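S.K.: Spelled out from the first residue to the last, the chains are:
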Amino acid sequence: MIRLDDIAWHAAAFKLDGVAFTAPEARYSVLMGRTGCGKTSLLEIICGLRRPAAGRVWIGGRDVTDEPPGRRGIGYVPQDGALFPTMRVREQIGFALRLRRRPAEEVAARVDELAGQLGVAHLLDRRPPGLSGGERQRVALGRALAARPQVLLLDEPLSALDEETRDEMGALLKTIQFQHGVTVLHVTHNRREAAQLADALFRLDAGRVCECDARGMGDPR
Amino acid sequence: MPAAPKTLRLSPFWIGLSLVTGFYLLFIVGMLGTTASYSSPDRLLHALDSREIRYAIMLSLATCTVSALLSLLVSVPVGYLLSRGRFPGKAALDAALDIPIVLPPMVVGLCLLILFQTPFGQIVERAVPFTYTVYGVVLAQFIIGVAFAIRTMHGTFDHLSSRPEDVAMTLGCSRGQAVWLVTLPAARRGMFAAASIAWARSLGEFGPILVFAGATRMKTEVLPTSVWLELSVGNLEAAVAVSMLMVGLAMVVLIGVRLAGERV
Numbered sequence: 010m011i012r013l014d015d016i017a018w019h020a021a022a023f024k025l026d027g028v029a030f031t032a033p034e035a036r037y038s039v040l041m042g043r044t045g046c047g048k049t050s051l052l053e054i055i056c057g058l059r060r061p062a063a064g065r066v067w068i069g070g071r072d073v074t075d076e077p078p079g080r081r082g083i084g085y086v087p088q089d090g091a092l093f094p095t096m097r098v099r100e101q102i103g104f105a106l107r108l109r110r111r112p113a114e115e116v117a118a119r120v121d122e123l124a125g126q127l128g129v130a131h132l133l134d135r136r137p138p139g140l141s142g143g144e145r146q147r148v149a150l151g152r153a154l155a156a157r158p159q160v161l162l163l164d165e166p167l168s169a170l171d172e173e174t175r176d177e178m179g180a181l182l183k184t185i186q187f188q189h190g191v192t193v194l195h196v197t198h199n200r201r202e203a204a205q206l207a208d209a210l211f212r213l214d215a216g217r218v219c220e221c222d223a224r225g226m227g228d229p230r
Numbered sequence: 346m347p348a349a350p351k352t353l354r355l356s357p358f359w360i361g362l363s364l365v366t367g368f369y370l371l372f373i374v375g376m377l378g379t380t381a382s383y384s385s386p387d388r389l390l391h392a393l394d395s396r397e398i399r400y401a402i403m404l405s406l407a408t409c410t411v412s413a414l415l416s417l418l419v420s421v422p423v424g425y426l427l428s429r430g431r432f433p434g435k436a437a438l439d440a441a442l443d444i445p446i447v448l449p450p451m452v453v454g455l456c457l458l459i460l461f462q463t464p465f466g467q468i469v470e471r472a473v474p475f476t477y478t479v480y481g482v483v484l485a486q487f488i489i490g491v492a493f494a495i496r497t498m499h500g501t502f503d504h505l506s507s508r509p510e511d512v513a514m515t516l517g518c519s520r521g522q523a524v525w526l527v528t529l530p531a532a533r534r535g536m537f538a539a540a541s542i543a544w545a546r547s548l549g550e551f552g553p554i555l556v557f558a559g560a561t562r563m564k565t566e567v568l569p570t571s572v573w574l575e576l577s578v579g580n581l582e583a584a585v586a587v588s589m590l591m592v593g594l595a596m597v598v599l600i601g602v603r604l605a606g607e608r609v
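Residue numbers (this note's numbering), protein chains in the order written: chain P, 10 to 230; chain C, 346 to 609.
No lab work stands behind these hints: they were computed from the structure. Certain hints may be false.
A few chain C residues facing chain P, derived, Cβ under 7 Å [said to hold, decoys possible]:
hint, residue
1, Arg508
2, Pro509
3, Met514
4, Thr515
5, Gly517
6, Pro530
7, Met589
Every beta carbon over 10 Å from chain P, so not counted as near; a handful from chain C, in silico [unchecked claim]:
hint, residue
8, Arg396
9, Leu406
10, Ile444
11, Arg562
This one's a predicted model, so the numbers in the text were calculated from it and none came from an experiment. The beta-carbon is built from N, C-alpha and C at its ideal position, and this holds for glycine as well.
Full structure from sequences and hints, please.
M.R.: Quick look at the structure:
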């Protein structure tokens, strides 16, 4: 579960004020909003990469507002995947576990398991320049899931993909969420994407978040 | 249908630009070519065979390498701070770090000399004697070289997205770990370029070394000092030989930096 209590954040282009919502445990939540309305900043606040001007962030029933990003139990996939430029796919996926000094066999087994689930087993020795947009997103997803986070934060993960890859990746995201039982918060401006994926749908508008009917697509509850 | 390749249409505008570029290039090539053909290769090599010049070559290579490594050590954190840091007075700091680039070289040497005459400088001198020593040569080279290395590292970090670092932090890294494990490996070509530029600048440094470290043969004589000393006694052949050696070293650095840059 992700819960935000009265989050405030001010930037030159927009202002978040009294943002409060709860993304339900082990469900796929989608947060919609126009480009530039502060969706990414909100994700960064949940990640701990930005400190809110006011309000609290709760993850899995724990107040993590003062915790550093690495202790929040989150997996984060930014818009372009943001793969580590010099690492092979194998090293990217195993990064979080190696950081936790897990035994090499455990890291290798987890990398193989995730690479199999995400369909990137044949790419393990490649580096980012040798990957397509869809492959990059899969690797970024594997890297975020490796340490078994409680929540997965996805920032427009499908926006840079072509139509066909987007549908495939959307289906994969839904499967992964179900298999791993992870709480997902997926940020997008795309209504079709939201309709395909959302168990719970939220809309960020004029600095506030309201919950909408996931089936009615955008009608406030 | 594939797009037609873009070619420059011959117009007075482009012809004018090409002429200016051509004249400038011709001037560089002419300058180097006539210097290189001043004497025969055998006589140039013979000129380099003197004990003093061999000492100057070794001292130049050693001091430039040390000052380039020191420059890298300072330019990486400073370049990162300038690129990623958001703090009041950043623009002023950025400008202040360019001071060694814009100061006349002799003035840098004079400032160093005066600094080490102060009570603070005297305390440092008791631990490590800089004035008129090899340490002074390294310090004079470092002061200028590091300013160029900082410019290079600042640009390198500006071109690297901070996103991977952010992701590394969400995966459990501290900021320092994220920089060490993710950003620095990606910045390695920029680091090579920064060290190379600092090295090349150090190789050509003359004014500050002359004022602060002196021009004592077999002690603080580096290659530019050799050129000056040889010229001052009328030994043009030795001055040309040392100059051509420096041109060769500069070319190697230029090619190295270009090759590294193209693979970024």
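S.K.: Hint by hint, which ones does the structure fall short of?
M.R.: Violated: hint 7 alone.
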